[in-house]
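Protein chains: 4
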Amino acid sequence: MPANSFGELFKITTFGESHGHSVGVIVDGVPPHLPIDISYIQKEMNRRKPGQSEVTTPRKESDNVHIASGVFEGRATGTPIMLVLHNQDHDSSAYDNLKDVFRPGHADFTYTAKYGIRDFRGSGRSSGRETAGRVAAGAIAKHFLSTFGITITAYTKSIGDIHCETIDFDVIEKNMVRACDPEAAKRMEAYVLSLKEKKESCGGVIECLVQGLPPGIGEPVFDKLDALLAHAVLSVGATKGIEFGSGFEAARMVGSEHNDSLRKQGFVSNNAGGILGGISNGQDLLFRTAVKPTSSIEQEQETVDRFKNEQTILVKGRHDPCICPRIVPVIEAMTALVLADCMKRQHALHCNKEGYNVQNT
Amino acid sequence: MPANSFGELFKITTFGESHGHSVGVIVDGVPPHLPIDISYIQKEMNRRKPGQSEVTTPRKESDNVHIASGVFEGRATGTPIMLVLHNQDHDSSAYDNLKDVFRPGHADFTYTAKYGIRDFRGSGRSSGRETAGRVAAGAIAKHFLSTFGITITAYTKSIGDIHCETIDFDVIEKNMVRACDPEAAKRMEAYVLSLKEKKESCGGVIECLVQGLPPGIGEPVFDKLDALLAHAVLSVGATKGIEFGSGFEAARMVGSEHNDSLRKQGFVSNNAGGILGGISNGQDLLFRTAVKPTSSIEQEQETVDRFKNEQTILVKGRHDPCICPRIVPVIEAMTALVLADCMKRQHALHCNKEGYNVQNT
Amino acid sequence: MPANSFGELFKITTFGESHGHSVGVIVDGVPPHLPIDISYIQKEMNRRKPGQSEVTTPRKESDNVHIASGVFEGRATGTPIMLVLHNQDHDSSAYDNLKDVFRPGHADFTYTAKYGIRDFRGSGRSSGRETAGRVAAGAIAKHFLSTFGITITAYTKSIGDIHCETIDFDVIEKNMVRACDPEAAKRMEAYVLSLKEKKESCGGVIECLVQGLPPGIGEPVFDKLDALLAHAVLSVGATKGIEFGSGFEAARMVGSEHNDSLRKQGFVSNNAGGILGGISNGQDLLFRTAVKPTSSIEQEQETVDRFKNEQTILVKGRHDPCICPRIVPVIEAMTALVLADCMKRQHALHCNKEGYNVQNT
Amino acid sequence: MPANSFGELFKITTFGESHGHSVGVIVDGVPPHLPIDISYIQKEMNRRKPGQSEVTTPRKESDNVHIASGVFEGRATGTPIMLVLHNQDHDSSAYDNLKDVFRPGHADFTYTAKYGIRDFRGSGRSSGRETAGRVAAGAIAKHFLSTFGITITAYTKSIGDIHCETIDFDVIEKNMVRACDPEAAKRMEAYVLSLKEKKESCGGVIECLVQGLPPGIGEPVFDKLDALLAHAVLSVGATKGIEFGSGFEAARMVGSEHNDSLRKQGFVSNNAGGILGGISNGQDLLFRTAVKPTSSIEQEQETVDRFKNEQTILVKGRHDPCICPRIVPVIEAMTALVLADCMKRQHALHCNKEGYNVQNT
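Line by line, the protein sequences are chains A, B, C and D.
Sequence positions in the first sequence follow my numbering and run 1006 to 1366.
Sequence positions in the second sequence follow my numbering and run 1006 to 1366.
Sequence positions in the third sequence follow my numbering and run 1006 to 1366.
Sequence positions in the fourth sequence follow my numbering and run 1006 to 1366.
Chain A with its partners taken away, still in its complex shape (with noise of 0.2 Å):
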């Protein structure tokens, strides 16, 4: 089965290449009647978006988001909703050398392996561009979440060796790195600006904090919460490695440490990171994600053209050196098309006839 679609009863289908004619995103399951606002959607768009400070790819796209269909007069009529951004003129030409030649660290190999054709351009379909459909679709499931009092929010936890202290969420959307400590954030700004003059890259950990999710979310056996959420946050390009509340720390840890005790006020720790058996717990829900060092360096480097011919490459362009501020809205909004998908599953599991629903908490 074809892998351009995620999510079951909130589904989401994208399509588009990095210089095709257009990127964008089908949603569907979008209950009827929620408002629709496509300037909080833009204002998402805007997160992901090329060029917004030193620290991410000088180019410049404008991003612009179209509504194609299934909303009326602002609201969602439940039929499907088709987001779309149309690409810019991309002077492709610059593409040509890089036909035949796989660049390392990127998809060049592993597509022509598994299609025997690719669009090369831009890097084509395995494009970060891809996400726009993403973040697009994200910010209706965001809105739809708010409705039932739940938010996400990402943020750089660290970039190299450098670490947010304190979670301070009024500074995230207030430095270039978007991470949740100050005094880091400097440091961490400092620290990309260095490697960008050298021409190298870096990456680093998102974490990214639910709060007011009620319990009971998630699909055992095999669609858990977290099982979903590693689905959907590896499935976003860069991405290494993922980990819930206390995660690989757990395998250092003995039973009594990592028991999280309950009292008549709720849970006395969360090395849970808020999800007990798949399913949520009502605590906040905590994962992180470990991000690579952007591929793309304007350095040589060693690899082999399709031919099987050893090549040195140069890849010229205007490239990300630190790829974190513009995944933290990626994440978020996978997270949001996880979690609006288990609200409705958790709907649709008690449908009877008293109210046509049953919580039983």
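Careful: at least some of the hints might be erroneous.
The list makes no distinction among identical chains, and a pair is therefore deemed to hold if it is satisfied within one copy or across any two copies.
The calculated BS3-like cross-link candidates involving lysine-lysine, where the alpha carbons are at most 27 Å apart (straight line), are [to be verified]:
no., residue 1, residue 2
1, Lys1201, Lys1179
2, Lys1269, Lys1104
3, Lys1313, Lys1269
Treat the hints as calculated values from the structure; they're not laboratory data.
Assemble the complex: chain A is given as a structure, and chains B, C and D must be docked to it using the hints.
Same frame as chain A, but now just chains B, C and D:
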């Protein structure tokens, strides 16, 4: 959509609770003519079953697997294969005191929140016993993959602060913790037994290595190979995270360090962990999973019951002080199910007249 | 994607062959708390089983159904319900002569073409026995629907040239052919018995009437209610067509005649058969299914074997001279499964904060 | 699960309303390297578009189709192909009087019942315009099938009481009603024009013939070929029934008459309509679809509005007196989508090492 099925073209559906009539699985999509060897399936079941050693629960379950359909004269017929394990008579009365109280670290609280009703005997559907069906189905997937020369080997990489330094496949099945380093294995065994004495438990890290996987496997943009494996692995109880290749370490590296160069003879390093852009690149596939300490410990713990009364609970019983050795075959099984599915999906992609098969590397 | 599952939110997966170990079904998505009554399920099984009367095959199968999972203290737990029927000892040697030869009207030829291997004993997976699992699952769906006041009644409308003139629900279960008109039923019985004597068989038309279905059920644009019912019904063996409301007669009508007017008290006619634009309109839902004559007749027939040699075949055995009375409960079951699924899908559509349920008529 | 997608391995998702920004489709699963010819797709669009002749609506829509993604240098890349048709400026004010009133025979009432909100302009999502995306996607499916030598031909078989006696492929595109018999076509045209004058409409029967389909296609037990085709065809507006081969006539036949014998040179008759046990048998595939009279007629009709007030309505506008000729390409498209999907599913079934392709007839 209910979530007791997994996979698209090689698809399983599991059923059963710990203390019910039986547990099992329907495997749909097994290629007709594939030999099905019940003794091979049973051998895999035995690696998962309780009572294997001093570091696993001493419960005795025969775990005999039966084929109920889909196999004729030793071969798959292309129709669904049902595999069933009959539960033995349990004394469920031992669980009566757990009817209303939530064990810390377990899914008792969240199952109640989600369903409003639960079979509390032996953890019911959230019991590790549910994985029996996965391992049975995984055995068929493994055999299918072996016809392509693909092998899957998981092993305990670390427990507590003890790490394997070497990877020796030959020792894995010869030590109680299924570690890949005979020297570390001894120290791990001693550590786990000392915790057992203290009625304590521990977690660890399991690594999984896939060899012989051809390039081109995995389905962008949403069913990337790493995304599917993360989904599969995090749907297993007790897992807290997953990382591929360089994993969380990638967050500390720079681009020139992380990119794997290509030469005539292949990639010169494997930070990618065998996956680029969500598609296998022909190298070894490598990932690690964090496992939390077993939640069941025979110690007094603080909790509440479903009426929100605070309680002190002491869970008697025979529990695994370290679940790692029994999770190893489950991780292998889930990996096999993902890869079998993806092999079929790549095959389906290239359907055409000329022999119905054009691979285009 | 293998096709032994049906439904999205109320989903079944069947397994089993005629002469294998067992047949059965996993039902996933049953709302937690729904009472599950094994005696009601068994009662439905008995309507489908062979040996009920002189016009069905005299084969005796006890068809006892067992619950293997998903039910606790008489209620669904929201986890998969597995229902199993163990096959009785069959003398499969009777089928040895059918190993290589294709019975006219049966799936022998096409199963061989598709799979290259088949369990030829008692038609294997293509046996009518496969529908046992559907009827068992359908019983649960029917019970679920009954909580909304929805009832499903199917009956034989015509056999050969004999047509029912009246619809009397009370007589359906009291005549051998499950006709809805007592007078026609007698003539049908006599007709079928006369064919039985001649070692001949016949088909008929089955009508299905759904009462109490609320408006708004069905999922445009691809899962319209009529489309799903057609899919469901034509997945049952021996069916050759389906029509809704005016059906094929509509092809001969003009617009002013066919359109159902609306008045305060509702629609004034029902050419629509209860469905407009793929969505239920609150009227009775009505459709008819064509059933072909049973393929198994104890007469010499011309055919070929798998080596393309021409053969004359005489299929001995105890066959149904008219399958209609036994297909009636299968049609009801498939209808129930579609409607249960669609009720849940409509419920899922309107997920929102205010009680999780806004119906907006 | 929302239902604007269709197919498993060759999968489409449609979007768009009659008077919105655009309508279109994403086609996922097109084999890489398949040539994509926009002029061929446009040619199919032109067979569906309004204003073709005196018996169709005189509305003029250019129906120009554009490729937005998934095609590179004239070939499919294996990534999703988005096809879009921009709607032209409509005067939607003409529909203002239909805002609250339900046109008889239309989906106005049921869309309101289901969603509680609807885009009433030009029937919105329930407009026949939605089929434009299906026809565009079907054109790609048809081309894919043609590489296997499979052809699909639909035609009007009867209108009112006028039936085609011969089947002449050459005349279908040469008469206004797309009938297969030139003599009957003339009488049908005269009949439709006479109804048009009376502001009346009519229905008909469309037959579809598939040639060149290999045996083995179709997926028991739930996705039998006839079940999938029935699902596909009944998801098209205005259809009321479907029958395969002997169809409803089978209900009047006896077994020895209905069974198709087999000889060395093949089947000697085709009551099966090319399908046995839900799988193609290598004969011509043949089915018929009932089409109701167009609901839009320029006559006074009795109805109610959403406040349950009785109304008399006169729907002005330019409507199709007989929709059959425009449904012919839609039936072909839906058939092509089902067959393309099933060809891929059969291919996927036989995935194995030896050339990845073992057909076993």
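Do the hints match the structure? See the list:
no.	hint	verdict
1	Lys1201 <-> Lys1179	within (20 Å within a copy, 50 Å between copies)
2	Lys1269 <-> Lys1104	between (63 Å within a copy, 18 Å between copies)
3	Lys1313 <-> Lys1269	between (66 Å within a copy, 6 Å between copies)
Checked against the numbered hints given earlier, this structure breaks none of them.
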